[in-house]
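There are 2 protein chains.
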Amino acid sequence: MSTRRKFLEKITATSVALPLLYSPVNLFAASEEPCEGPVLKVAIMGLGSYGTRVAEAMQACKRAKLVGVISGTPSKIKKWQSKYGIPEKNCYNYENFDAIKDNADIDAVYVITPNGLHKDQSIRVAKAGKHVICEKPMGVNAQEGQEMVDACKAANVKLLIGYRMHFEPKTVAVIKMRKEGKFGDVKFFQGQSGFTIGDPNQWRLDKELSGGGAMMDIGIYSINGARYMLGEEPIWVTAQETKTNPEKFKEGIDETIQFQMGFPSGAVANCLSTYNMNHLDRFFMTGSKGFVEMKPSTGYGPIEGKTHEGPLTQPHMTHQTLQMDGMAAIIYNGTAPIVPVDGEEGVKDMKIIDAIFKAAKTGDKVML
Amino acid sequence: MSTRRKFLEKITATSVALPLLYSPVNLFAASEEPCEGPVLKVAIMGLGSYGTRVAEAMQACKRAKLVGVISGTPSKIKKWQSKYGIPEKNCYNYENFDAIKDNADIDAVYVITPNGLHKDQSIRVAKAGKHVICEKPMGVNAQEGQEMVDACKAANVKLLIGYRMHFEPKTVAVIKMRKEGKFGDVKFFQGQSGFTIGDPNQWRLDKELSGGGAMMDIGIYSINGARYMLGEEPIWVTAQETKTNPEKFKEGIDETIQFQMGFPSGAVANCLSTYNMNHLDRFFMTGSKGFVEMKPSTGYGPIEGKTHEGPLTQPHMTHQTLQMDGMAAIIYNGTAPIVPVDGEEGVKDMKIIDAIFKAAKTGDKVML
Chain F
1 MSTRRKFLEK ITATSVALPL LYSPVNLFAA SEEPCEGPVL KVAIMGLGSY GTRVAEAMQA
61 CKRAKLVGVI SGTPSKIKKW QSKYGIPEKN CYNYENFDAI KDNADIDAVY VITPNGLHKD
121 QSIRVAKAGK HVICEKPMGV NAQEGQEMVD ACKAANVKLL IGYRMHFEPK TVAVIKMRKE
181 GKFGDVKFFQ GQSGFTIGDP NQWRLDKELS GGGAMMDIGI YSINGARYML GEEPIWVTAQ
241 ETKTNPEKFK EGIDETIQFQ MGFPSGAVAN CLSTYNMNHL DRFFMTGSKG FVEMKPSTGY
301 GPIEGKTHEG PLTQPHMTHQ TLQMDGMAAI IYNGTAPIVP VDGEEGVKDM KIIDAIFKAA
361 KTGDKVML
Chain A
369 MSTRRKFLEK ITATSVALPL LYSPVNLFAA SEEPCEGPVL KVAIMGLGSY GTRVAEAMQA
429 CKRAKLVGVI SGTPSKIKKW QSKYGIPEKN CYNYENFDAI KDNADIDAVY VITPNGLHKD
489 QSIRVAKAGK HVICEKPMGV NAQEGQEMVD ACKAANVKLL IGYRMHFEPK TVAVIKMRKE
549 GKFGDVKFFQ GQSGFTIGDP NQWRLDKELS GGGAMMDIGI YSINGARYML GEEPIWVTAQ
609 ETKTNPEKFK EGIDETIQFQ MGFPSGAVAN CLSTYNMNHL DRFFMTGSKG FVEMKPSTGY
669 GPIEGKTHEG PLTQPHMTHQ TLQMDGMAAI IYNGTAPIVP VDGEEGVKDM KIIDAIFKAA
729 KTGDKVML
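Protein chains in written order, with the working numbering: chain F, 1 to 368; chain A, 369 to 736.
Bound conformation, chain F alone (with noise of 0.2 Å):
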């Protein structure tokens, strides 16, 4: 297992005893979506470990089914099809898939591919006249994310990027509270967002395909947090690179950035990425009339944390069983998640990464 996936699974395993909690009063409790309506059928697209993730925890939704497959890999395909009984007819490659156009059973594809490749296949789907949903970062820069927003508006499709915190019932209670003014004026956020990623040969550290190093995958975490506690879009971004290991982290593949960001209102947030240490995964904001801490903050397994009420005791529901449901009730309910998870949320995140390479490149202040 890489070293990636043990540090977000490490303390999802106790998820798996509280079947009970999957009830449909309290798989919405937290994000109020209906459970009443249409199932959205879905097909996932790469069939690697996070994609496995989200077929398995597909398996307890209540409004979204998974249905098909894409993949280059025919033995993937038949392991996926007798473990979750999929049918000849829902099965594609990376050469075929644009003739989903043409398959009644399937309304939305989960683009869970590197994420060199999430724009074009992302566009190829929307043509095809399916929803799109794209796992995150949604591409490499903030120009892919606005042609891949532009092409689902012309298709007329829905695109939606795989913000699943979105959906967690911690973070979304510590949103209502500073929605609520419970924090009173927020003024810091901290963000450290990292790990020690395992196999130097794998497509993350590949700049081709990942666009990018620990920002693209760990550090987007910060980028996303600091916007959604703080409740503000950032006017200015600084950064500092520092690489320690230039075999592993080639050019191109950022091993630790720091990073920080102002606010209208003054705030300012301060946060780390990195491919390179490990024990963070924390959130931490201050305001003028309390604070939260999490940590993790962004793991898969339970969320942890607290305010200056006291714990945050929420039980913990698996996030992408949360998302997928929350998905087909935004696609088909109307329903407004807490914070957008659409192809505009994306285009933010990917604005501000864009910002912080820069930032870190000439050592400059970059206004957004």
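Keep in mind that the hints were calculated from the coordinates and are not lab data.
Hints are supplied without guarantee of correctness; some may be wrong.
[As the list claims (entries may be wrong)] With the C-beta cut set under 10 Å, the calculated list includes, among others, these residues of chain F facing chain A:
hint	residue
1	K187
2	Q192
3	W236
4	T244
5	T256
6	G266
7	S288
8	H308
Yeah, the Cβ is synthetic: ideal placement off N, Cα and C, and Gly gets one too.
Since chain F is already given, all that's left is putting chain A on it; use the hints.
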């Protein structure tokens, strides 16, 4: 009571309930300083709130004794005389304290006045042939600090800076762990130092007297902390200043500064200094083998913390009691504290503060 005092005091109360810990055995358990030897006879210059705290803490000292005062307020002198049994001949004001050179009852003067006065007062003490203990920051810039170091050398007296954390048992234990390699290669330090300052008319918000705002007063804890936690000297700094209240925080008085430091090993530090946020006072460090988090990390009350090995359990002892006994051991026994508290140590912090102010002003990475 000022907000500042409340902040630093808020969890000190428990220490009062632990008088038995102040046995000589426990007292030096952490710092391993000898408890045998001459008593350091100290005059305190500046009878404000922190001077009062030091005087109270010294009542539990084994190796240091409060014997004199220097103040511009006769009523304060009277009060201290009666409270601490200080003879008339050991009382001075700011005009006549050079005469202390003829007073064999006083070995050292602890300068606890506004920062902008430290340099001249410390040099006068040195010229009077007495050891100088100067509260941090030692002056308002590195130039002043160096002048103080030079003057004390020329006068053949010791110059020690009030770095109480260098004697604090949990802090000392963490530094030992780092030296023993328990954290592996240290990679990242995060320091968050700040509180919401009260009275806008206090000297700490007067550039002439303070030399700066939050950085001089509280940000210095993150600077010094980064150095003693990581065990390296920074080679570059970057900084971003934010001012939301220019009425209260006038020209030259920093409200909020985020700053980053890079170290020769590739380790990085990400810090926050502020007079406009609460719920801070946090240190975090991660290395290849483990981590430590401390919160509070530098307040007067019990430091709390944990590492990958578990909670830090060293008993709380009043920092200033340990500091003053420890300084007696340094002066009379030549004991080396785990991290220096001498003038050169102070100058290192002042050079970094100078560089942070420059980086914040110019936006440039400033090399050290």
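So, going through the hints one by one against the coordinates:
no.	hint	result
1	K187	holds (5 Å)
2	Q192	holds (7 Å)
3	W236	holds (8 Å)
4	T244	holds (4 Å)
5	T256	holds (7 Å)
6	G266	holds (4 Å)
7	S288	holds (7 Å)
8	H308	holds (7 Å)
Comparing the model with each numbered hint stated earlier shows that all of them hold.
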